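> Sequences listed follow chains A and B, in order.
Going by our numbering, the residue at position 81 of the first sequence is 241; the numbering climbs one at a time, nothing skipped.
Going by our numbering, the residue at position 87 of the second sequence is 120; the numbering climbs one at a time, nothing skipped.
Hints should not be assumed to be uniformly reliable.
[Said to hold, decoys possible] In silico EDC-like cross-links for lysine to aspartate or glutamate, where the CA-CA straight-line distance does not exceed 20 Å:
no. : chain 1 : residue 1 : chain 2 : residue 2
1   : A       : K566      : A       : E168
2   : A       : K566      : A       : E335
3   : A       : K400      : A       : E565
4   : B       : K69       : B       : E172
5   : A       : K408      : A       : E565
6   : A       : K171      : A       : E567
7   : B       : K91       : A       : D526
8   : A       : K202      : B       : E72
9   : B       : K171      : B       : E265
10  : A       : K202      : B       : D71
11  : A       : K202      : B       : D163
12  : B       : K75       : A       : D526
13  : A       : K409      : A       : D526
14  : A       : K322      : A       : E335
15  : A       : K171      : A       : E403
Just so you know, these hints were derived from the structure itself, not from any lab.
Note that the structure is a prediction, hence the values are computed from the model and not measured.
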Amino acid sequence: MDSALIPEGVKRCPLPLFILGVLAVGAVLLWGVYAMLLCWIKGLNQTNMNDYYGFALWIWADLAVIALGGGAFFTGLLRYLVGKDELKNIINFAVVIGFICYSSALLILAIDIGQPLRGWFIFWHANVHSMLTEVAFCLSCYFAVLTIEFVPLVLEQRQLNKVTFFHHLGHNMHEIMAVFAATGAFLSFFHQGSLGGVAGVLYGRPFAFRESLLVWPSTFFLFTWSAAACGPCFTILVTKITEAITRKKLVGDPAIHTLAKISGWMILTYIMAKTIDTVYWALVTAPEGGFTLGQFYSHNAFYGYWILIAEVIVGGLIPALILISEKGRNNPRMLVLAAVLACVGISINRWVMVLQVMAVPVMPFDTWQLYIPSWQEVATTILPVAYGVLLIAFAHRYLPVFPQEKELNP
Amino acid sequence: MSNHGKKYGMLIDLDKCTGCGSCMVACMAENNVPFKKDESNKLVSITWMRVYRLTNGKPFPDTEICYLPRPCMQCEGEHGHSPCVSVCPAVATDYDFSTGIVSQIPTRCFGCRYCMAACPYHARYFNWYDPIWPKGMKESLSPHVSPRMRGVVEKCTFCFHRYQQAMEKAYYESREELEENEYQTACTQACPAGAIIFGDLNNPDHTVTRVVGPDDAHGGRPKNPAVFRLLERLGTNPKVYYTSTREWVRRQADNDAARGENAGRH
Ligand code: SF4
Ligand code: SF4
Numbered sequence: 161m162d163s164a165l166i167p168e169g170v171k172r173c174p175l176p177l178f179i180l181g182v183l184a185v186g187a188v189l190l191w192g193v194y195a196m197l198l199c200w201i202k203g204l205n206q207t208n209m210n211d212y213y214g215f216a217l218w219i220w221a222d223l224a225v226i227a228l229g230g231g232a233f234f235t236g237l238l239r240y241l242v243g244k245d246e247l248k249n250i251i252n253f254a255v256v257i258g259f260i261c262y263s264s265a266l267l268i269l270a271i272d273i274g275q276p277l278r279g280w281f282i283f284w285h286a287n288v289h290s291m292l293t294e295v296a297f298c299l300s301c302y303f304a305v306l307t308i309e310f311v312p313l314v315l316e317q318r319q320l321n322k323v324t325f326f327h328h329l330g331h332n333m334h335e336i337m338a339v340f341a342a343t344g345a346f347l348s349f350f351h352q353g354s355l356g357g358v359a360g361v362l363y364g365r366p367f368a369f370r371e372s373l374l375v376w377p378s379t380f381f382l383f384t385w386s387a388a389a390c391g392p393c394f395t396i397l398v399t400k401i402t403e404a405i406t407r408k409k410l411v412g413d414p415a416i417h418t419l420a421k422i423s424g425w426m427i428l429t430y431i432m433a434k435t436i437d438t439v440y441w442a443l444v445t446a447p448e449g450g451f452t453l454g455q456f457y458s459h460n461a462f463y464g465y466w467i468l469i470a471e472v473i474v475g476g477l478i479p480a481l482i483l484i485s486e487k488g489r490n491n492p493r494m495l496v497l498a499a500v501l502a503c504v505g506i507s508i509n510r511w512v513m514v515l516q517v518m519a520v521p522v523m524p525f526d527t528w529q530l531y532i533p534s535w536q537e538v539a540t541t542i543l544p545v546a547y548g549v550l551l552i553a554f555a556h557r558y559l560p561v562f563p564q565e566k567e568l569n570p
Numbered sequence: 034m035s036n037h038g039k040k041y042g043m044l045i046d047l048d049k050c051t052g053c054g055s056c057m058v059a060c061m062a063e064n065n066v067p068f069k070k071d072e073s074n075k076l077v078s079i080t081w082m083r084v085y086r087l088t089n090g091k092p093f094p095d096t097e098i099c100y101l102p103r104p105c106m107q108c109e110g111e112h113g114h115s116p117c118v119s120v121c122p123a124v125a126t127d128y129d130f131s132t133g134i135v136s137q138i139p140t141r142c143f144g145c146r147y148c149m150a151a152c153p154y155h156a157r158y159f160n161w162y163d164p165i166w167p168k169g170m171k172e173s174l175s176p177h178v179s180p181r182m183r184g185v186v187e188k189c190t191f192c193f194h195r196y197q198q199a200m201e202k203a204y205y206e207s208r209e210e211l212e213e214n215e216y217q218t219a220c221t222q223a224c225p226a227g228a229i230i231f232g233d234l235n236n237p238d239h240t241v242t243r244v245v246g247p248d249d250a251h252g253g254r255p256k257n258p259a260v261f262r263l264l265e266r267l268g269t270n271p272k273v274y275y276t277s278t279r280e281w282v283r284r285q286a287d288n289d290a291a292r293g294e295n296a297g298r299h
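Just chain A, same shape as in the assembly (with noise of 0.2 Å):
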């Protein structure tokens, strides 16, 4: 019935199936946009925050798939700047996901803030010593930029794409990319970045707080070093889910290939460079705040060591020792394995990063504060993934996101 829209040569599922699935996610979709009315209209008392865990689910989930969504930046400097011309046939999809991460995690800060309509405070009385005006400016431009790059995409759509303006609009627009590559790489390292920094420089939390490298502290450096290895997987693992769902192959081997050698690598230094800095702040910084590493991971009911263990080395050394090696990312099960475990190590860094800090006691005679998420927090962190999930539908159906689809399923 919609074979009108459909990219030509491709074949996609009958649209009776196609609008099933839609529906399904959809009511997900319900829940989390009804839930997110709730936050709006009765106020942040929905949620299980409290004075002690001002930050929680919402704000972990915000700092993740920003990270996750750095794929985009990374592909596209890599793509663009520095020349890896056979990343064309994943960068319009890394676009799409990048793009998807991003308007989700402004959608999160607009239902953190419980007051959607003070958030403008943030530009008018910019505080510019503070990291979150930072991450503001630069994850709106970011999203400006992503958008832009979102749009070609858009009119190469087989009927928009006959009206002629529609059609030397997204050529011209392609034409210029290199430049919204390059800017887009440049707020991406500067939010990233802040985002990082948002938690470094609390000095009042021992368990966040890191010496600054020039004037950043160095969680700003290990943000952005890490969306841009681990965004690669979570491109990676996106396209290889809906390859499997599709039941098509959607983007070649090289491609895949030389993301997941490069991401490889730069986990492995993330890691390293991760670990001077954990093994620093160990023996002098938290110290200098009067704690031991000890402190920050015993005497409660979950923080142990082995979180730090699963960080480090199982989602950080293991996905990047796969795929630095020819044979692991050949694996199709173990390149997919490291992809996942890439993501959950770059989550759980987050989640430390937010949660964690919160819930250490830093008064002596204070205690460990563990909270659980009320059924709102969880189904508005569900929200942006059955957003995503509809947008990839989408975009997957209508829109010429992979060019070597037709000569993949001849």
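Assemble the complex: chain A is given as a structure, and chain B with the ligands must be docked to it using the hints.
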């Protein structure tokens, strides 16, 4: 008017504090601190002044108790920035260099709660709920302090409106300086045990400065061994000082786990 260079601070004598909670009540009444429907969850209750209960951790009959009132420490930070001030993206909280007080502008706060994450003393409170005023109470709210709405952060301001009132009066009487007791916080006045002393740490004639020691009032570690501040090692440079003759109390002021003290106390 030369009101430059004042630095208001507080000294709380923990040997005198009985934990009666008068300071908490006075603070709430003075500053229009709102109520909510269910006050049982203390993690979302607003208590600008909060009294902690400390113990020496020993079993009966050697158990000792100490009550520690905790207002906002009005941190000065190492670079003139308290932990909360430098992080606020909207300058909704600011350090006033003419009084040393960290102000809070609720109408400019948009509720990101970054300042709460930054404050190690948990001195900041978010309005999770719409304020509720029990019947008749609305009429008796203080006209000097604006009530806060849902979704913004609030905290102790050393009753800054009282400072403004005192300054207005002094100005009206053609004076530039305040007498020591002209500006006092509500908790200082309400404490029946006289455990709280409040004054200008930059004024050597004020009692608080005499006890704390003028040098200490300028950011150094108190030389008086009984005087201490909370979490000094973090560099927050609080302007609230405590005094106690009990060593176990003083030891709980700072995280000295790295030196083998206070280890495993959580
Ligand atoms: S919650 Fe309000 S005062 Fe606190 S950092 Fe955010 S805008 Fe500033
Ligand atoms: S005690 Fe907390 S709220 Fe008060 S100035 Fe210090 S950091 Fe800010």
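> Is the hinted pair K171 of chain A and E403 of chain A satisfied, with a Cα-Cα distance of at most 20 Å?
holds (13 Å)
> Would you check the hint for K171 of chain A and E567 of chain A, treating anything up to 20 Å between C-alpha atoms as holding?
holds (12 Å)
> Could you grab the alpha-carbon distance between K91 of chain B and D526 of chain A and see if it respects the 20 Å cut-off?
holds (17 Å)
> Next pair to validate is K202 of chain A with E72 of chain B; report whether the Cα-Cα distance is within 20 Å.
Given pair K202 of chain A, E72 of chain B holds - Cα atoms ~17 Å apart, limit 20 Å.
> For K75 of chain B and D526 of chain A, compute the direct alpha-carbon distance and say whether it is at most 20 Å.
Cα-Cα ~14 Å, so holds.
> Is the Cα-Cα distance between K202 of chain A and D71 of chain B 20 Å or less?
holds (15 Å)
> Verify the proposed pairing of K409 of chain A with D526 of chain A, using a straight-line Cα cut of 20 Å.
violated (55 Å)
> Does the structure keep K566 of chain A and E335 of chain A at a Cα separation of 20 Å or less?
This hinted pair is violated, its Cα atoms lying about 23 Å apart.
> Between K171 of chain B and E265 of chain B, does the CA-CA distance stay at or below 20 Å?
violated (40 Å)
> Checking one constraint from the list: CA of K566 of chain A to CA of E168 of chain A, max 20 Å. Satisfied?
Status holds; Cα separation ~9 Å.
> Does the structure keep K202 of chain A and D163 of chain B at a Cα separation of 20 Å or less?
holds (9 Å)
> For the pair we were handed, K322 of chain A and E335 of chain A, check the Cα-Cα distance against 20 Å.
holds (19 Å)
Hint check: violations occur at hints 2, 9 and 13; the rest are consistent with the structure.
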